[in-house]
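Protein sequence lines correspond, in order, to chains W and E. For the first sequence, position 188 matches number 187 in numbering that gives the first Met the number 0, and the numbering has no gaps at all. For the second sequence, position 197 matches number 196 in numbering that gives the first Met the number 0, and the numbering has no gaps at all.
Because the hints were derived from the structure by calculation, they are not lab data. Ideal Cβ placement from N, Cα and C applies to all residues, glycine included. Keep in mind that a hint or two might mislead.
Now the in silico label distances, taken between C-beta atoms and shown as ranges [as the list claims (entries may be wrong)]:
no., chain 1, residue 1, chain 2, residue 2, range
1, W, Gly215, E, Ala210, 33 to 41 Å
2, E, Leu49, W, Lys290, 31 to 39 Å
3, W, Lys86, E, Thr251, 49 to 57 Å
In silico lysine-lysine, DSBU-like type, Cα no more than 30 Å apart, as pairs [unchecked claim]:
no., chain 1, residue 1, chain 2, residue 2
4, W, Lys131, E, Lys261
5, W, Lys131, E, Lys7
6, W, Lys243, E, Lys290
7, W, Lys255, E, Lys261
What the simulated footprint calls covered on chain E by chain W, stretch by stretch (three residues with Cβ under 8 Å from a Cβ of chain W suffice, anywhere in the stretch; the number is not a length) [to be verified]:
no., stretch
8, 26-40
9, 184-196
10, 238-250
11, 261-272
Single-letter residue listing:
2 protein chains.
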Amino acid sequence: MKNPVLKKIVIFGVGLIGGSVALALKKAGCTASIAGVGRSIKSLQTAVDLGAIDIASSNVADAIKDADIILIAAPVAQTPAILNAIKPHLTANTVITDAGSTKNDVLSTAKEILGAQFTQFVGGHPIAGAEKSGVTAATADLYRNKNVVLTPTVITNPDAIHRVRELWQTCGANVSEMSAETHDGIFAAVSHLPHLLAFALVDEVASRPNAEQLFGFAASGFRDFTRIAGSHPEMWRDISLANKTALLNEITAYQKELSDLKQMLEREDGDALFALFERASVARNNWAATKKL
Amino acid sequence: MKNPVLKKIVIFGVGLIGGSVALALKKAGCTASIAGVGRSIKSLQTAVDLGAIDIASSNVADAIKDADIILIAAPVAQTPAILNAIKPHLTANTVITDAGSTKNDVLSTAKEILGAQFTQFVGGHPIAGAEKSGVTAATADLYRNKNVVLTPTVITNPDAIHRVRELWQTCGANVSEMSAETHDGIFAAVSHLPHLLAFALVDEVASRPNAEQLFGFAASGFRDFTRIAGSHPEMWRDISLANKTALLNEITAYQKELSDLKQMLEREDGDALFALFERASVARNNWAATKKL
Numbered sequence: 000m001k002n003p004v005l006k007k008i009v010i011f012g013v014g015l016i017g018g019s020v021a022l023a024l025k026k027a028g029c030t031a032s033i034a035g036v037g038r039s040i041k042s043l044q045t046a047v048d049l050g051a052i053d054i055a056s057s058n059v060a061d062a063i064k065d066a067d068i069i070l071i072a073a074p075v076a077q078t079p080a081i082l083n084a085i086k087p088h089l090t091a092n093t094v095i096t097d098a099g100s101t102k103n104d105v106l107s108t109a110k111e112i113l114g115a116q117f118t119q120f121v122g123g124h125p126i127a128g129a130e131k132s133g134v135t136a137a138t139a140d141l142y143r144n145k146n147v148v149l150t151p152t153v154i155t156n157p158d159a160i161h162r163v164r165e166l167w168q169t170c171g172a173n174v175s176e177m178s179a180e181t182h183d184g185i186f187a188a189v190s191h192l193p194h195l196l197a198f199a200l201v202d203e204v205a206s207r208p209n210a211e212q213l214f215g216f217a218a219s220g221f222r223d224f225t226r227i228a229g230s231h232p233e234m235w236r237d238i239s240l241a242n243k244t245a246l247l248n249e250i251t252a253y254q255k256e257l258s259d260l261k262q263m264l265e266r267e268d269g270d271a272l273f274a275l276f277e278r279a280s281v282a283r284n285n286w287a288a289t290k291k292l
Numbered sequence: 000m001k002n003p004v005l006k007k008i009v010i011f012g013v014g015l016i017g018g019s020v021a022l023a024l025k026k027a028g029c030t031a032s033i034a035g036v037g038r039s040i041k042s043l044q045t046a047v048d049l050g051a052i053d054i055a056s057s058n059v060a061d062a063i064k065d066a067d068i069i070l071i072a073a074p075v076a077q078t079p080a081i082l083n084a085i086k087p088h089l090t091a092n093t094v095i096t097d098a099g100s101t102k103n104d105v106l107s108t109a110k111e112i113l114g115a116q117f118t119q120f121v122g123g124h125p126i127a128g129a130e131k132s133g134v135t136a137a138t139a140d141l142y143r144n145k146n147v148v149l150t151p152t153v154i155t156n157p158d159a160i161h162r163v164r165e166l167w168q169t170c171g172a173n174v175s176e177m178s179a180e181t182h183d184g185i186f187a188a189v190s191h192l193p194h195l196l197a198f199a200l201v202d203e204v205a206s207r208p209n210a211e212q213l214f215g216f217a218a219s220g221f222r223d224f225t226r227i228a229g230s231h232p233e234m235w236r237d238i239s240l241a242n243k244t245a246l247l248n249e250i251t252a253y254q255k256e257l258s259d260l261k262q263m264l265e266r267e268d269g270d271a272l273f274a275l276f277e278r279a280s281v282a283r284n285n286w287a288a289t290k291k292l
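My request is simple: use the sequences and hints to build the entire structure.
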């Protein structure tokens, strides 16, 4: 495997994530042909009309012929089916990567399906907001200065890693590498747990007999805290199940923290409450000051 | 007590909250003289320079002479001292109100200190954001279309309630009345609990050996969820202690919800997770669609 100038990139799932990759590559002057594969021909045609992809295809064999990189950016539940569909058509030069929010499960699936060709698979996770979905929401700047995490294993082909890294760097992203375990632990803490906490709060409030009154007085603090509770239920069911182990550890640690906080309040320990709130506010404000979001 | 055209309004604590009331009244054409009382003469002079107040005073007796309404908008910990200071100078025509985030505790304090004149006290809580503080952050539009809750008791003078209601309506607010117990229960659920949950999450993350790495990958979901964890530690210690009973009930209910969610995940019950996430996301998105924030 070499690192040639890319001639063909194939994207499975040309929505916000895949479409933004395509637009970013085009904007960066990438001369490779970009093919989109998906279940909705109408959506693929929109991607062509928007100038994101050059070719729309529903035929996997045709689409991935001579592909340098295949990016799987479809909903994660489709990943096994896509891997099974592409496997017979892969060459020794084809690199496969994905954009899923969890990585241990994707690596297990890829290893099982791809067998010896698992060395050509590089797990990836672009950390970019997705309030809207679909290719019409895609932008060339979605990944600019955003983090992308790659989770190669010890047997992953170094050229494959290099090629995927360059793909994301071309999109303007900051690329890191870590193990899938480390990745899943980090995102359980800073993304998956907050989502579950927000879902839980809104569900709890909505279940009350006086829910309408409660929502009527909820203001900007509630709005921001619960924004992520408006996220896609199916996607978050899948992420939760895929990252079950790390997420259960996070919930347990959080339950301990909340229980400690409750005890401070029960014994009216103003000093302990102040100390906890101050540690949190200093950490949060320092983070916000240094992080460009 | 009658409802005359107001001649004099006295504001204790001319910061964001008190300053914005003053500016809103001026903008609405209110001809009353507005006096500010505070511990910082420099800050009061700024309020004069900004056109919010007409008179800056550090002498309570002078300031509240002939006052129609006294608004206590200082940090809540100062409320007892302010009530004790004004009590000897109150007339039968002086209405007193406040702007604290909790109401049961304020009403108890006011009843204890004011005695027979407690009938002239109307508890109030303007629901308006306070990311910034100080009179330089005050604006005439802070309360426009925002909720203000008044918590009169059965013995509160109806004219006093009417006068305070008009004050806030002049500022552009939507005024509701409810008992202090109902108020404190509502805000424990939709404001105080979310604040504690956000403080707890950030404190838990910040306590980890790999906190720097975790914060490094935290993105926009974390940013919004934790915005309120950047709030003032002293203010939130005081609110937590003041609303202890209702807040403990909320924490207990939330712990139950979180424990249920954890069990769904432990038994990999995708249907139950989906149902919970869907209820939450529908409720949250409906709320966001109808609420102007």
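Results for each hint:
Remark: the range hint 33 to 41 Å for Gly215 (chain W) to Ala210 (chain E) is upheld by a beta-carbon distance near 38 Å. For Leu49 (chain E) and Lys290 (chain W), the hinted distance range of 31 to 39 Å is satisfied, since their beta carbons lie about 33 Å from each other. About 52 Å separates the C-beta atoms of Lys86 (chain W) and Thr251 (chain E), a value consistent with the hinted range of 49 to 57 Å. Of the pairs offered as hints, the one joining Lys131 (chain W) and Lys261 (chain E) holds, with about 28 Å between alpha carbons and a cut-off of 30 Å not exceeded.
With a CA separation close to 52 Å, the supplied pair Lys131 (chain W) and Lys7 (chain E) exceeds the 30 Å bound. For the proposed pair Lys243 (chain W) and Lys290 (chain E), the alpha carbon gap of about 34 Å is over 30 Å, so the pair is violated. With a CA separation close to 14 Å, the supplied pair Lys255 (chain W) and Lys261 (chain E) stays within the 30 Å bound. Under the rule that three or more residues need a Cβ within less than 8 Å of chain W, the assignment of the stretch 26-40 of chain E is violated, with 0 such residues.
Taking a C-beta to C-beta cut-off of 8 Å, the stretch 184-196 of chain E contributes 10 residues in contact with chain W, enough for the three needed, and the coverage statement holds. With 6 residues having a Cβ less than 8 Å from any Cβ of chain W, the stretch 238-250 of chain E passes the three-residue criterion, so the hint holds. Check result for the stretch 261-272 of chain E against chain W: holds, 6 residues qualifying (beta carbon to beta carbon below 8 Å, three or more required).
Violation of the numbered hints given earlier is confined to hints 5, 6, 8; the remaining hints are satisfied by the structure.
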